[in-house]
Amino acid sequence: MSVLIFVDQLDGHIKKASHEALTYGAKIAEQTGVTAEAVVVGAVTEDLAALGKHGVKKVYHVQHDNLKAFDSQVYTKVIAQVAEQSGAKVIVFSNNSSGKALAPRVAVRLKAGLVSGATALPDTANGFTVRKNVFSGKAFATVAITTDVKVISLNVNAYTILTGEGTAEVVPFTATVDAPTMKTIDSTKTSGKVALTEADVVVSAGRGLKGPENWKMVEELAEELGAALACSRPVADAHWRPHNEHVGQTGVAIAPNLYIAIGISGAIQHLAGVNRSKTIVVINKDAEAPFFKAADYGIVGDAFDIIPKITAAVKKVKGH
Amino acid sequence: MKILVCISKTPDTTAKIAFTDNNTKFAEAGVQWILNPYDEWYALVRAIELKEADASTTIHLVTVGGADADPIIRKALALGGDEAIRINTEPTESYLVAAQIAEVAKGYDLILLGKETIDYNGSAVGGMLAELLDAPYVTNATSLQIAGSTATIKREIEGGEETLETTLPLVVGCQKGMAEARIPNMRGIMAARTKPLKVVEANNVEAFTKYTEFQLPPAKAGVKLVSADNVEELVRLLHEEARVF
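Just so you know, the sequences run in chain order A and B.
Here the working numbering runs 1 ahead of the position in the first sequence, where the first position is 1.
Here the working numbering runs 745 ahead of the position in the second sequence, where the first position is 1.
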């Protein structure tokens with residue numbers, strides 16, 4: 002019996018979301034009195050034994066020429082083999098781009114119930130129930146998993162990473178690996194240094210900025226805060242900013258620690274994508290903008306005047 | 746090419762979210778139902794574009810649901826589906842839906858659906874369906890090109906984008922970028938009335954999960970407004986009170 006956590010990586014680097022999943026999975030193991038183990042697929046540049054600091058005891062490492070590019074069909078069979086041979090009863094993924102492709106497949110393969118987008122530890126006192134976001138962040142649901150094996154995908158930024166002492170035993174795992182059906186022919190980094198879905202701070206702007214030429218001050222504030230950039234739907238639709246920056250019900254859903262919304266009125270569809278943010282700051286010249294009702298802090302005023310002042314004040318606080 | 750587009754009925758994006766029956770059921774009273782935007786704007790419209798480029802392409806639609814799903818099926822037919830299948834059972838959870846669709850999904854070259862539905866946000870049916878069909882699956886897809894039996898797909902990943910190449914048959918979960926939203930025209934709406942909508946009875950599938958309770962998030966304490974003349978105070982609050990940077 003164990004909890005198995007899938008560790009997602011890109012170009013050999015373990016993603017931040019996987020550290021969250023490792024901490025979360027280790028807590029489930031502790032809560033249910035079993036051990037936490039992890040599975041890493043493909044070559045990595047990081048020290049896997051160090052994953053023990055999140056509470057996992059063992060790391061299965063599967064390497065094979067067929068596993069160089071991410072292929073959900075091939076990866077699923079590998080993860081299922083590790084889960085079956087290690088006797089995993091709970092398998093944890095991050096609900097990120099890889100987890101969204103893998104968790105449903107692995108669940109079907111193992112005839113396991115899946116809860117995707119979990120926001121809290123499961124309640125194992127009486128059955129096995131998991132809390133998740135529904136209605137695009139407008140509500141929570143409690144979902145009971147009724148199968149023997151369970152799969153959970155944890156929402157990104159939903160669980161705080163804990164780092165303690167500990168070293169995991171790294172065990173090479175030999176799996177039967179199919180030939181890939183998927184070939185990666187190109188891979189590009191989108192604008193910005195911080196990935197939007199993983200960012201702790203997000204600076205977002207809307208139509209109130211009047212035109213794409215005015216984004217420089219937003220970029221400067223984001224740069225100063227180490228934040229990712231986002232935008233509202235009208236801004237993406239008008240091609241002022243790339244589509245991948247559109248946050249909202251039909252764009253990207255995010256849950257940073259700090260979300261700063263500049264010149265965004267706060268339509269219900271926009272709120273749906275950002276209302277899991279821990280702190281929301283709204284800057285809008287219209288005091289009646291609905292976004293203020295969902296905000297923690299706000300300034301009613303002209304963004305063109307306020308944003309450079311915020312950037313300067315942040316600089317001062319940071320001491321440079 | 747034979748395309749299957751999986752569609753879902755969801756509450757309108759502006760619908761009030763509330764629950765009844767001791768918080769165990771979504772309160773449907775007064776709710777406007779729409780075609781799940783990801784299914785409609787991206788999956789279905791991309792299928793229509795592929796058909797426009799190759800007239801021999803057929804587009805079938807499938808949904809799992811009761812007769813109350815028929816209006817959204819007709820809307821999808823009006824946009825451009827050729828015929829539709831409704832599997833007559835309540836779509837209570839992802840596995841049940843995927844297993845029902847898998848029964849009718851064999852023989853298609855391409856299966857398209859939205860990356861998730863905007864109500865239960867499972868983003869699971871596509872992956873489950875692909876596994877049941879033992880087919881490749883790409884989700885968060887922002888572009889899809891087909892040449893013969895080769896598909897070239899772009900997918901969004903954390904902080905970047907990947908271009909992948911694979912072969913049909915294939916399942917793709919679609920999102921923004923894939924296509925531009927359209928509205929049905931009068932000719933489409935008229936034609937949709939007579940397009941075939943086949944209702945099939947559901948297979949006996951055991952659900953793996955059950956929604957037991959819903960909750961609304963706690964109300965916000967209220968916004969703390971700072972004067973526009975005192976921007977430094979906002980930064981101080983964020984730094985010292987909220988401790989977010």
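There's no promise every hint is true.
What the hints assert, rightly or not - Computed list of lysine to aspartate or glutamate pairs in EDC-like fashion (alpha-carbon distance at most 16 Å, straight line):
no., chain 1, residue 1, chain 2, residue 2
1, A, K319, A, E224
2, A, K310, B, D879
3, A, K69, B, E986
4, B, K955, A, E224
5, A, K78, B, E925
6, A, K310, B, D974
7, A, K316, B, E985
8, A, K317, B, E910
9, A, K279, B, E986
10, A, K310, B, E797
11, B, K899, A, D149
12, A, K319, B, E978
Derived by calculation from the structure, the hints in this document are not laboratory data.
Please read all numbers here as calculations on a predicted model, not as lab measurements.
So, going through the hints one by one against the coordinates:
1. Distance restraint check for A/K319 and A/E224: the Cα-Cα separation of roughly 13 Å lies within the 16 Å cut-off, and the hinted pair is therefore satisfied.
2. For the suggested pair A/K310 and B/D879, the alpha carbons sit about 56 Å apart, so the restraint of at most 16 Å is broken.
3. Restraint check: the Cα-Cα separation between A/K69 and B/E986 comes to about 46 Å, which exceeds 16 Å; the hinted pair is violated.
4. Note on B/K955 and A/E224: the hinted pairing is violated, with a Cα-Cα distance of about 44 Å set against a maximum of 16 Å.
5. Restraint check for A/K78 and B/E925: not satisfied, since their Cα atoms lie roughly 35 Å apart, outside the 16 Å limit.
6. Under the criterion of a C-alpha separation no larger than 16 Å, the hint pairing A/K310 with B/D974 is consistent with the structure, at around 10 Å.
7. Using a Cα cut-off of 16 Å, the hinted pair A/K316 and B/E985 holds, with the two alpha carbons roughly 15 Å apart.
8. A threshold of 16 Å between alpha carbons decides the hint, and for A/K317 with B/E910 the separation of about 49 Å lies outside it, so the pair is violated.
9. Distance check on the hinted pair: A/K279 and B/E986 sit about 13 Å apart at the alpha-carbon level, within 16 Å; holds.
10. The suggested pairing of A/K310 with B/E797 is violated, with an alpha-carbon distance near 52 Å, which exceeds 16 Å.
11. Proposed proximity of B/K899 and A/D149 is contradicted: the alpha carbons are some 36 Å apart, above 16 Å.
12. With a CA separation close to 15 Å, the supplied pair A/K319 and B/E978 stays within the 16 Å bound.
Hint compliance for this structure: hints 2, 3, 4, 5, 8, 10 and 11 are broken, all remaining hints hold.
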